[in-house]
Structure formats: C-alpha cells, structure tokens
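Take the given structure of chain C and dock chains F, Y and S to it, following the hints.
Given next are the chains, with one letter for each unit.
There are 4 protein chains.
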Amino acid sequence: MKIAFLGLGKMGAPMARNLLSAGFEVTVWNRSPKALEGARVAGSAAEACAGCEAALSMVSDDAATESVAIDAAKGLAKGATHISCSTISTALARKLEKMHADHGQEYLSAPVFGRPEAAAAKRLVVVPAGKPGLIERFRGVFEALGRMTVVAGTEPWQANALKVCGNFMIASMLETFGEAVAVMKKSGVGPAVFLEAMNGLFASPVYANYGAIVVDRKFEPAGFQLKLGLKDVRLALAAAEEVGAALPIASLVRDHLISAIAHGQAEMDWASLAMVAERAAGL
Amino acid sequence: MKIAFLGLGKMGAPMARNLLSAGFEVTVWNRSPKALEGARVAGSAAEACAGCEAALSMVSDDAATESVAIDAAKGLAKGATHISCSTISTALARKLEKMHADHGQEYLSAPVFGRPEAAAAKRLVVVPAGKPGLIERFRGVFEALGRMTVVAGTEPWQANALKVCGNFMIASMLETFGEAVAVMKKSGVGPAVFLEAMNGLFASPVYANYGAIVVDRKFEPAGFQLKLGLKDVRLALAAAEEVGAALPIASLVRDHLISAIAHGQAEMDWASLAMVAERAAGL
Amino acid sequence: MKIAFLGLGKMGAPMARNLLSAGFEVTVWNRSPKALEGARVAGSAAEACAGCEAALSMVSDDAATESVAIDAAKGLAKGATHISCSTISTALARKLEKMHADHGQEYLSAPVFGRPEAAAAKRLVVVPAGKPGLIERFRGVFEALGRMTVVAGTEPWQANALKVCGNFMIASMLETFGEAVAVMKKSGVGPAVFLEAMNGLFASPVYANYGAIVVDRKFEPAGFQLKLGLKDVRLALAAAEEVGAALPIASLVRDHLISAIAHGQAEMDWASLAMVAERAAGL
Amino acid sequence: MKIAFLGLGKMGAPMARNLLSAGFEVTVWNRSPKALEGARVAGSAAEACAGCEAALSMVSDDAATESVAIDAAKGLAKGATHISCSTISTALARKLEKMHADHGQEYLSAPVFGRPEAAAAKRLVVVPAGKPGLIERFRGVFEALGRMTVVAGTEPWQANALKVCGNFMIASMLETFGEAVAVMKKSGVGPAVFLEAMNGLFASPVYANYGAIVVDRKFEPAGFQLKLGLKDVRLALAAAEEVGAALPIASLVRDHLISAIAHGQAEMDWASLAMVAERAAGL
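Residue numbers (this note's numbering), protein chains in the order written: chain C, 4 to 286; chain F, 4 to 286; chain Y, 4 to 286; chain S, 4 to 286.
Keep in mind the hints are simulated off the structure, nothing from the lab.
Source: prediction; values computed, not measured.
Please note that a few of the clues may not be correct.
If several chains are the same, the list does not tell them apart, and a pair holds so long as it fits within one copy or across any two.
Okay, derived cross-link-like pairs now, DSBU-like style, lysine-lysine, Cα gap no bigger than 35 angstroms in a straight line [to be verified]:
#1 K230 x K189
#2 K98 x K188
#3 K98 x K221
#4 K101 x K234
#5 K188 x K134
#6 K5 x K234
#7 K77 x K98
#8 K98 x K230
#9 K234 x K13
#10 K234 x K189
#11 K230 x K101
#12 K189 x K221
#13 K98 x K134
#14 K98 x K234
#15 K188 x K101
Just chain C, same shape as in the assembly (with noise of 0.2 angstroms):
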C-alpha cells in the first residue's frame, strides 16, 4: 500500500519510520524540508499525496492540520482517504470530513497516545474513528504505529473527543499531584516519598514519568509545553461545551495554566502546572 506521510516531528518521524518497517511504501513531506531513509521525499504536501491510497497528516495544531489537509486534497486521488493523527478540535475534523467529500475523497480521524518514545517503540495506542469499512481497510496502518487500536465510533469527530478527553485526564492529574505535593512540602514529607507511595498505589508510568518530572523539578527542556497543555484543555473544554456537558476540572486546570503563563511558565513542561500549586501555599 503506498502511503503519504505529512510531518516529520518528535512524534511524526517515528511514526513514519514505523509505517516503512511494517512494509508500506512510504512518502514524506515535512514543511521544512526533511529525509526519512527508506522513504521518498516530495516537494508539497500535494505532490507527496499523488498515487496514494492514504496521507496521514501528524502536525501541531488544527491551523497546521487545516493547511495541510488543503494541500493534501489537491493531491490525494477520488477515493483516496486523509487519516489526520493529530489533536485537533472536534469542529476541524467534521470541518475536514467535509472537505474531503467535496474532493470526493474520504477521511477518517486517528490521533494517538503517546509521547515520542512511545512512537519509536511502536506502543501508542491508535484511536480511529469513521466508516467502519474504511477504518478495517486501514487496521494493518493503525496496527503498525501502535500497540492497541481503539475505535472510537463512526464519525471522526468522536475519535477527537475521545482524545482530548484522555489528555484532559492528565491535565488533571498533573493538577492534583501539585496540589497534594504542596500539603506534602507543607507537612514536611519530602515529594520523592509522596511519589514512592503514589507509584505503589497507582502503578502508572504515567503516574510515575510525570510524578519523577515535578519531583525532580525537569521542567526544562519541556517534553511538553505548558501553552500546548492549555490548548489541549481549551480543545476538551470545546468538545464538551459542544454536546452540552460542562467538565468543571478543566475550568479550574485552565485557570491554573493561565496563572502559570503568567509566571513564566508557557515553555516550560506542562508538569509545572504543580508550581501554581506550591505559590498558592506560600512556597
């Protein structure tokens, strides 16, 4: 199957590297131009398109995603499919559903979990949404960048909710561990034991990765922005305002970040979140 691959960042380039191991004729195209070994290089986002069944788009945000997706429907053929893995806004991806059947051409949304490492690893976990026939012709794609493949519903939207959503279920709990470890400073209990105690109950790498990042106070370089934190609570806090439900912890998480960029923060890891937190009390 020949394949486009649109974005060659952190989490784009492994993934792209993903797709030739499993086999798949791959073209990439990067908005500055970039190699992949292995893999063809094209010239526009249109011209990496032309011939092939599926261009799969992993970019920043939803004005990156939009750009590309324009130039991707120049080029992907009647009957051609866009697979847009990035974390975008519920309302882009029916924007770009529509489009595409404009174009007479498919397109399904497919953002994953993971960060970098878990892309090199093959371990994301894969969340497609849209026509179930469209997602089977595509498991093999969906199987080779991941471990597990969630499908989400039948719309493409609903695989947008679902994952911003999941990111808003880390926002909170960065939120929450930074309250509890400003008691714990307060109390005189060091974080470190706190997060040993923590690791023991939970016993989530994510838990324990974020929990060793406040911890140890690696708040840069940042593995992930706190500004794109905030985008990603402001996407949930859209989804959910949407289908009329409200998510109250991300109200508070929001208020939060926006202290933090105003103290600096907005480059700095998004598990910093926990510093608001420790100005509150004092600290």
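What follows is chains F, Y and S alone, placed relative to chain C:
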C-alpha cells in the same frame, strides 16, 4: 513478638491473619465479638494489649480510633507501642501521640493503601511515620502486612497527611473520569471504549478497577461508600488547611459528593460520583 | 451634529430616541426596516452614515457588529467616527479600530450598562474608551444617552474589557444568590425572606431586580437570555486570558450556564442560573 | 423591660447604648470589665442576667457564645429568654436552644447585618428566628437595634443559616471584585475607574465601601479580619452541608482565603482577598 490486633473488619481481619502467617503471636479484639483462627481472643481492647509489645488498630474513623486508643492505653505496658493503621485526621494522630506519651507509651501512625483483596493478598502499601528507631523495630510487622513500606517522616501525623492526600488522588481521578464519561456519552462514544483507551494510556489497576465500576454501573453493593469518601476528602481538606495550603480539586470533589448524597447516593460506591456529572449534563 | 444610529433593537431604539431629544440630527438604520419618529430612515448602514460626523452601532454580538462596521466604513467620510456601543470582544474592538484606520476613520468603543428601561430613562452608565480628544468631541453624545460617563482608557478595547468584567460581576451575583437560595430552601427559609434581608444589606437595584426574578421564578419571558449570558461570560474569560489573568468564578459560572442549557434553559432569563444550584441540591 | 447585655465589643457597645436610648433598663457585662454610661455593670454574666426578662449576647464566635450562654443559663430565671446576636453556627444554635430548654428558658437567634458604624447609627438589619410569640414579645428590642427586622423562621438556627448565607454573598462579591480588578490592572484600566462604573451599576453601599478599600489598598487596620472571614465562610459551608447543599463559590473563596493566610494576610481586612487574584495573575 506478641501483638494485639484491634478491629477485625474487612481490612483488619486479613491484616491480622497475615501477622499470624508471619509468625507473630497475635491477640485479637473486635467491638462485636469475633474470633480469628490461630489467634487468642480478648474480651476488651485493654485485655488484648496486656503483655504485648505493640497494638495495631484498624477501625473505621476518628471516633472509633480514639475510643480504641483510650482502651489500649489502659492495657499497654509502659514502653509498648500503639500503631494506628486507620485513616484518621492528622489532628487525632497528634492527640494520640500525646495521650500515649502521657502513659509512657509510644505511638506510630501506619495507614495503608489497598482494598480488602489487597490486604488478604499481602499487597498493601504501608506508610508508617514516627520515631525512626520505632519504625525499625516494627519493620517486620509492616512487611508482614504489605508488599511495600514507605516511611513518611519522623512525626506520626505525617503518615496520615500522606494517606489522605493519596485518597484525594483517587477521588480526583473518579471525578475526572466521571466528567469525561459524561462528555463521551453525549458524544455518542461508549464509556467502555473510553475506558479501554484509558487503560491503554494509564495502565493502572486503580483506573481499571474504578473505571469498570463506572462503566458497568456497579455502584451497589459499595466497595467503598460515597459518604466515607466524603469523610476522607474532608480529612484531606483539613490536613491541607492545617499546614496553610488549599486543595481546589478536593473542594470541587467535596461539593459534588454533597450533591451526590442529596440525590440518595450516600451508601453507593464512591465511583458513583460519576452520576453528578451526568446529571449536570442533563443525562 | 449629524449622527447615524445603526441598530434599533430593545436597547438601540430608546438610545436613538434620546439622541433626538437632545437635539442631534439622527439617521437610523435597522437590519429589518424600522422607522423612528423624528429620524430620517436610511436603506443601508452605509447610506445612513453618509455625511455624518459619527455613527453609533448597537447590535447583538461580534458577528453583527463586524458586519455593520464594514458597511459603516463604506459610508463614513474620512475623519468620521464609528462608536460601537455593543457588548463585543476586546479582540473585535482592536480589529475594528484598525479597519476604520485603514479607511482614514476613527473608532471608539462606548459600551453601556443598563437594561432597556434604563436606556429609555436616560439612566445608562456609558463607558467610552479611545483617543482623549475624540471622547471629548462626543461627550455630548454620551451624556445624551446616560446618567454617567466613565472613561475607561485611551484604547477602545479597554472599554470592552471593563464592560465584560462588569457583566461578570452580575453573573457572579446571580450564581451566588442562586446557591444561597438553594441553602435557604433546604433550611426551610423562604427565598423572599432571604431577598428582603439582602435588599436590606446591599440596597442595590441590581440585587432587588434579579432577586425578585429568582424569588418569583419569572424566568420567562427573559429580560436577558441565559445563552446570551453565556456569551458574555465567554467574552470575560477571553478578555482575561488575553491579558494573562484567570477569572475562576467566571469559569465556574460558565460551567453552570452550560449545565442550564443542557436542561433546556437557553431562552430563559439568565437569573434562572439559580435552578442549577437547586438541581445539585436535589430540589 | 429589664435586659442584660453580654459582650461590649465593637458591635455590642453601640447596640447596648441603643437599648438604653430606647428606654430599656440594661445591665451589662463584658469579659474584660467595662462600663457603659447609663447601664448597671455586673461582675459576671450570670449576675447580669438575674431578674432580667432577656439576655442579649454579642460576642466573637461559637466558643465565646457557648461559654457566655452557660453562664447566662445560671442567671436567667425560668421563662426568661437568651437572644444570641452573634454570628454562630447553626449547630450551636440548636445546642443552645436545647440547653436553655433544659433550664426552663427560652432561646432566640437574632444575628445582625452591619458594621460598628451601622450599629451606632441604629442602622442594623436584625434577623431573628424562633417561636413567633417570643419574637413578637421582643420586637421592641429588635427595633431599638436596627432599621429593619426580618424574621427568618420559627426555629432559631434558621436565622443563623440566613446570616452566614448573607456573609457568603459579601465574600463572593469581594472575590469577584478582586478577580475583575486584576484583569483591569493587566488591561491598563485603573481600579478606581472600574469601581466608579460598578458604583454606577450596582449603586450599593456594600460595593462602594469594600470597593474603596480594595482600590485604596487600605487593608490595615482591618475593619473585618480576613481570618474571621474564613471562619464565616466555613460556617456557611457547614450550614449548607448540613441541609444537603453545596456552595461551590464558597468553596472557591475558602481556598483563596487559605492562600491569603499563607501569604501573611490573616490580620488584614478580608477585602485583601483581592491580592490572591493579583498574585495569580503575576501582578
């Protein structure tokens, strides 16, 4: 080593059993008379403590703990130690420490993380705090109860602060999961699908267990009653206020637990907190 | 002075009338054709603006304001001024200022506080912002509209920031009153009794008017629709985020307004926010 | 009518003076001996109450009220009435009612709204609750103290519930105003300008007085200490929880008051709550 074990409830009984298995000589006492194979049964807490190097107590709340401690103080010899494993307030821990000191006795807090199944399987996380020499003396006891011992600090109340912060972490997870599930439902995504993805993401037994309770709506019979969850969140808020810190997420969870109780959920499992988010979303 | 007045809704019509009473020569325009005694009627916003020193606009939201402003820019002469009285985002105010500058025109924001009755009675609080010289030139206009003119600053968007923060103050009062009334009801204290005491305490017509709506449950027909209240709270949150500040109470109110809409209250008066607290309390 | 007045603090002294002016025969008592022109001075609360038809108490908190009530019960004749004007918990009100009933005495709660200046000017809002016949009997007393009497209900604790909900309304206003002022500052709008507009909008002396304290940063000396504000918010939260209702805004205010105290503001005026929003915004 001769040990008294006070309180043979869902948690206490398997814990006492593990002490017996580890070779301790155990005398047990329970408010409503109860036997335990292999253990001597005493007619009162004071009688159970007579001649013991340590008395462990595992009862439901502050009031029960204080009442048991007063009796234990009558039975314990000078130099003997009361080890409270219950989830109690930091204020009570300080009060008990003083009371036992007035009797020439020692006091340790050693709350535990884990449900009755974990207690039976010797899989608890035990969190002792107090004088380092004392903790060393009873390390064998802690190791007989759980799979992991995390020393919280040199003052007993610090262990209680850690314990209630840990329970707050679980409460926050329940609230967050409930909020997300309400969005998923209104988005037409099945809660089981969301849980599958979250299990992929967090890979935590805590998420898996509580998530399943929410998805399957197995709120009755309760594993842990919602009204006891409110008690624990209150303990966390009190421990935080005491040291001059706020726990905004705990405040929010408290409000929602109160709403749950107003809707008749006091005796349901505290995972039924998810119903508050559902109702707010008009589900 | 020749003035165009664009938008003859519940607020615009009485405002235009007051300009006529004050002796201004007024040309009016409304999207759905509407006459106003004593005023010339134009067939388009652009036509209404021709030959006028200023055009005042008073329409429902950002979209309507932007559309009217584009037309006004076509009709206004170079050097003439567009004065937007609508409740709009700070971002739109900056955009309009730039657009009019590109046409060689001036722009002021001059939002107002007050309901239609206050507009009719010339009792509005007018909050202009922009170049000081411009504000002085149109002081007579502002004074013809209200009982009080408060200059917010030298940049138009500052007036819009102030206006949405003022509306946020009202929204917060509604939420707080609703929460308290739920407690009063569950305590067996009549809401009317509580309102009487609050009127004694605050002695504010805002509390008296909204309090009466809540106590008498006169949520329909709406004086100000709840969905418009949500729009305003969103504008406040956006204005705050833009300058790097959070508005935690606005976040909470937003969540509750979303819940209200999920329960079918979108078209009710926004004082019906009180029903959210009632439902949470199981009333 | 012979009346005992217990507690001659900032509020009690002017209240007792107004009873004298109204022609009541008043015996006073204060913990630290204090005289009041025109009144007989007693050496103990019990002695003050001897031979009186009613004893009014106006002291600082639950502990002081309970202690005074125990003494009053010793001095009051059977059939005499204790009228507690202090801001106390609903739980204590029920306890006092029972204690006095055990002594064959009557009990009313009659908390008041207003600062010392209002007490001196006979401008308080008095909120009695209890047996209707009793309230009628002492209507002249209430009218001698304030400008308005609002009967909360037939059970004393209902007046205390109303009082703490009223204080919660003020606390919420302070928080909201503080949040808005932080946005105004970061928007380059002077707080005094914002206050001017809010005074135009709300026309409330409560907004005017507290707004001026915030704008002028006159947080010391405190008119009402922030730590006492926290006590009152706690009473509101307790009264609400007791009847099965949440007060989400009170929870948020509580968190911010705790943060304020962690930053050394316990003895400042509670309007300094505004500093919490400023700090969060990086001001």
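Outcome of the hint check:
no.	hint	in the structure
1	K230 x K189	both (28 angstroms within a copy, 19 angstroms between copies)
2	K98 x K188	between (48 angstroms within a copy, 22 angstroms between copies)
3	K98 x K221	neither (39 angstroms within a copy, 39 angstroms between copies)
4	K101 x K234	both (24 angstroms within a copy, 27 angstroms between copies)
5	K188 x K134	between (51 angstroms within a copy, 19 angstroms between copies)
6	K5 x K234	within (33 angstroms within a copy, 47 angstroms between copies)
7	K77 x K98	both (16 angstroms within a copy, 32 angstroms between copies)
8	K98 x K230	both (25 angstroms within a copy, 25 angstroms between copies)
9	K234 x K13	within (18 angstroms within a copy, 38 angstroms between copies)
10	K234 x K189	both (31 angstroms within a copy, 22 angstroms between copies)
11	K230 x K101	both (30 angstroms within a copy, 28 angstroms between copies)
12	K189 x K221	both (21 angstroms within a copy, 30 angstroms between copies)
13	K98 x K134	within (16 angstroms within a copy, 41 angstroms between copies)
14	K98 x K234	both (19 angstroms within a copy, 23 angstroms between copies)
15	K188 x K101	between (52 angstroms within a copy, 24 angstroms between copies)
In summary, the structure is inconsistent with hint 3 from the numbered list given earlier, while agreeing with all the others.
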